[in-house]
Amino acid sequence: NAGVTQTPKFRVLKTGQSMTLLCAQDMNHEYMYWYRQDPGMGLRLIHYSVGEGTTAKGEVPDGYNVSRLKKQNFLLGLESAAPSQTSVYFCASSIAGGLNPNTGELFFGEGSRLTVL
Amino acid sequence: KNQVEQSPQSLIILEGKNCTLQCNYTVSPFSNLRWYKQDTGRGPVSLTIMTFSENTKSNGRYTATLDADTKQSSLHITASQLSDSASYICVVSAKAAGNKLTFGGGTRVLVKP
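Just so you know, the protein sequences line up as chains F and H, in that order.
Residue numbers for the first sequence follow my numbering, beginning at 15 and rising by one.
Residue numbers for the second sequence follow my numbering, beginning at 11 and rising by one.
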């Protein structure tokens with residue numbers, strides 16, 4: 015049981031380039047999330063999805079787009095990368111939303127480290 | 011604005027000793043509070059989840075407490091081991107539609123032999 019898998023694990027981009035981060039979960043979870051983690055700051059929510067075919071903006075959505083065409087996959091895209099997007103990106107999934115402590119527990123992937131030069 | 015503040019930012023302890031990490035929050039209305047452990051280069055892993063009615067919860071050598079009146083939580087590590095070296099993140103959930111989790115900045119713990 016792999017849980018939450020992120021690819022790629024590392025990537026270096028030049029300013030203006032585009033890329034897509036892939037998140038896959040095999041736990042049949044409804045909710046999926048993309049976070050970024052920067053030094054000295056808490057994880058910040060970029061976008062999330064409450065089910066297949068749905069997406070919603072989080073706390074810091076500008077410069078990113080997402081898609082959830084299949085329940086098990088959640089893609090994060092950067093159309094024109096900027097140095098401010100240098101960060102570690104984490105995907106997470108949960109059975110349901112954060113209100114229910116039993117089903118709202120987040121399961122995280124191992125992270126994708128992105129550097130934009 | 012919902013905020014979660016953790017202290018200290020970092021600490022060093024000797025193997026076998028105990029330590030306590032603090033979490034203060036202003037998230038409202040409160041739903042639940044979680045502690046996560048994040049090893050270097052890995053994703054966070056859940057340690058405990060507590061609701062309003064719970065004031066203590068244990069997971070092995072980790073014990074979390076919650077005082078919903080003062081909006082404070084603590085994570086106590088007993089008889090620390092080298093494998094406890096990690097960042098510990100406090101996360102508070104608000105009663106609202108969608109995902110309303112507020113993450114603290116974490117406390118980095120280094121256990122030395």
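None of these hints come from the bench; they were simulated from the model.
It should be emphasised that the depicted structure is a prediction, and the values quoted were computed from it without experimental measurement.
Mixed in with the good hints, there may be bad ones.
[To be verified] Rough simulated footprint, nothing fancy, chain H against chain F, three-plus residues with beta-carbon under 8 Å:
1) 56-69
2) 122-129
[What the hints assert, rightly or not] Using C-beta positions, here's what the derived DEER-type ranges look like:
3) H/Thr-88 to F/Val-26: 21 to 31 Å
4) H/Asp-77 to F/Asn-79: 16 to 26 Å
5) F/Asn-42 to H/Gln-13: 31 to 41 Å
6) F/Thr-117 to H/Gln-82: 32 to 42 Å
7) H/Ser-56 to F/Thr-34: 37 to 47 Å
8) H/Gln-82 to F/Thr-29: 41 to 51 Å
9) H/Ser-56 to F/Glu-66: 20 to 30 Å
10) F/Lys-84 to H/Thr-88: 37 to 47 Å
11) F/Met-55 to H/Thr-88: 21 to 31 Å
12) F/Ser-94 to H/Ser-63: 22 to 32 Å
13) F/Ser-94 to H/Thr-36: 45 to 55 Å
[What the hints assert, rightly or not] List of simulated lysine to aspartate or glutamate pairs, EDC-like, C-alpha gap at most 20 Å:
14) H/Lys-105 to F/Glu-66
15) H/Lys-105 to F/Glu-119
16) H/Lys-105 to H/Asp-49
Every residue gets a Cβ at the ideal spot worked out from N, C-alpha and C, and that includes glycine.
Flag every earlier hint the structure violates by its number, smallest first. 3, 4, 6, 7, 12, 13, 14 and 16
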